[in-house]
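Colleague: Here's the letter readout for the chains.
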Amino acid sequence: MKFGAKLINTENIEQFTEIVSTVNKLCSKGSGGKTCIIKLNHDSMCFVLPEFASNHMLFYSSGQVSFWMRIDALLLFDFYIFEGKSIEKSSVMIEILPENLLHVLKSTPNVKNLKLKLANKQTVCLSIEIEYCGISLKSKSRTITHDIPVKIISSSFLAMKDFQEPNLKDTALSIQMPGLKTLKHMIERMKAMGDHITIEATKNGDLTIRIQTECVSVSSYFKNLPVQVKKNELCSYSMRLSIRRMNDFINSIQVKPDKIICNFINNKYAHFLVIQNGNLVLHYLISSILD
Amino acid sequence: MNTTLITRSNEGEKYLLYAKLDNAKILYNLAKSVNFKEHAVFCALDSGLKISCEDAKSTQGIAFVHTDLFQEYSVKEDCVCIKINLSVLIECLNIFGSIVNSIPTALKICYEGYGHPLSLLLEDNGIITECNIKTMEADSLVNFEFDFDRIINKIIIKSEGLKEALSEIDVSNDIIEIVISIEKQFLRLSSFGLIGDTHIDIPASSDYIESFDCKKTQVNRYKVSFFRNSLKALVSSSKVALRITDSGVMGIQFLIPIPELSKMAFVEFYFCPDEEIE
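From first to last, the protein sequence lines stand for chains G and Z. Here the first sequence stands for residues 520 to 810, where the numbers follow this note's numbering. Here the second sequence stands for residues 7 to 284, where the numbers follow this note's numbering.
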C-alpha cells in the first residue's frame, strides 16, 4: 500500500484546514465517540462516522444524525497518491480523532508546506510533516513531524460497501436552501424560541421554515429557489426536525459551500447535501421528529 | 428600501395598531435596552409605542418609540396595552441578523385587538418572515409617581463619563451610594467592597457634566443591579439625565440618538433608594 499527500499552496492548506474543522465539528455532535473514519481511495478521501456502517439511517428513533463527506483529493492536494494493497483492496479505512488532526493544522500560521503519510512508529500513525517558514528572511525553515495514532479498520470487519456514498434515489423533491449566513442567523434565533422546526417545500420552489410554540409562531418564506421534483406525487413536502440538530449542522460547516440542497425523502429524514465546486460533497442526514 | 410587501397603505384600516418601520433595528435596540425581565407591557399611545418592563415592583424600565421614528403609525384607541414576552419579540426583530452596510430589514406591526396575537412582518432582501406573538392582559404597573415637581437634584452628564464612573465601581458589594453635594459641587459614586471603599467624584465643572442643578445635598443608596439593568441603554446613549426626588427616588433618562433618522429616542429607568441616609 502506498500513500502520500502534499500541500504547498496556502489556499489549499486553508481549505484542508476548513474541511478538517468541519469534520471535527460534525463528529463532536455525533452520538458515538468523537472518532471518524477516513477512507482513502486513489482519487478521493471520504470522512464517515463509524455508526454509518449500518448503512441506513437509524429511523427507529427520531432526531438522529449522520454524515458522509468526500473530497476530491487530486484537486485539493498539490500532490496525492494512494495505491491499495491489491485490486480487491483498493482503499483503506483508518479511524482517527479529527481534533488531533485539526490541532496540528492550526498549530501556527507560518506553514510553508505539509506532507501526509502513514507510518509505523510503535503503532500505526498518520504522520504529518510540517515545514514552517523561517522567522526572518535569513533563518532557515524548521520542520516538525506530528504523529497521530490511528487504527486501521480491516475490510473483513466492516464491508467496503458500508461506506458507499448515501444514495438519493428515493428523493421526492430537492430544493436549494437559502444562503448559509441567512440560514445561520435564522436557525439560531429560532432555537432561542422553540425546540422543533418545520421545513416545507413546494414544487414551485417555495420554501417555508417555521416554528410554532405556545407563545409564538414564526414563519419565513423563501421564494423562487431552484427545485427539482423527482416524484410527482404531492405538491409540497414537509418535515419536522429538532432545531438543535439543525443548528449543529449549520454551525459545523466551516467551508464556504456553493450550495446546500435539502432532499425530502419519504418525510422520514432530511438529507442535506453541501456542495463546493464539485470537489467537496457532504451528506448530512437528520431523521425527522415523528408525531 | 424594501417595499415589496409593505406598500398597501389602506391596509392599516382594519387594525387597532398599525405601524411601519423602515429599519427594524431601531425598535430592536430600544426593546433590548429594557429587556431585564422576560415579559413587558407593550402600549400603543397616540404619541408612540411604550415598552415597560418591571421587576418585583421595585424598578421599572421604559423605552419610548415616538411616532416620529415610524414611517407610518396609527392607533385607533387612546391607549392599547398588552403584555407580551419581550425576549421573544426581540428574537423576532433580529431574525435576519445584522449585516453591516446592507439594506435594513423593514418591519410592519399589526394588532387586531383583544384575543389576537401581535403580528410582526419583517422583510429582508425579498424574504418575508411572519411572527405572531401571543398577547396577554397587561398587568397594572407600579405607578412610581415620579413626581417631577419634587425633583431636588438634576444632573445632565455625558454618557462616557457615567460609563467610566460605573466601570470603576466595585461590584463585590451590591449597593452603590450616590451623593450630590451642593457645598462640594460634585456627584460622587461610592461602593463599599470587601477590600476597601471606592469613591468616584465628578465635579460640576467637569467636561462630562452638562448641567448641575442641585437644590440640596442628598446621599442615597441604591442596588447596583438597578444600574446594571440600564447598562444597555447607557452604552447606546449620548447623554444621561439623573433626577432624584426629595424621597430619593431615582429617575434616569437616557437620550439615544438614532443616526439613520437624525432623531432621538428616550429610555427611562426608575427605582427607589435602598435606605435613606440623612
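I should point out that these hints are in silico values taken from the structure, not numbers from a laboratory. Keep in mind that a hint or two might mislead.
Short derived list, chain G residues pointing at chain Z, Cβ under 8 Å [said to hold, decoys possible]: (1) A592; (2) V611; (3) R708; (4) V735; (5) S739; (6) Y740.
Cβ atoms here follow ideal geometry from the backbone N, Cα and C, with glycine treated the same way.
Colleague: For every hint, state whether the structure bears it out.
Modeller: Each hint tested on the structure:
1. A592: The hint is violated - A592 of chain G has no Cβ within 8 Å of chain Z, the shortest such distance being about 35 Å.
2. V611: Hint on V611 of chain G: violated, closest Cβ of chain Z at ~43 Å, above 8 Å.
3. R708: Holds, about 5 Å.
4. V735: It holds, given that the least Cβ distance between V735 of chain G and chain Z is near 5 Å, below 8 Å.
5. S739: 4 Å, holds
6. Y740: Holds, about 5 Å.
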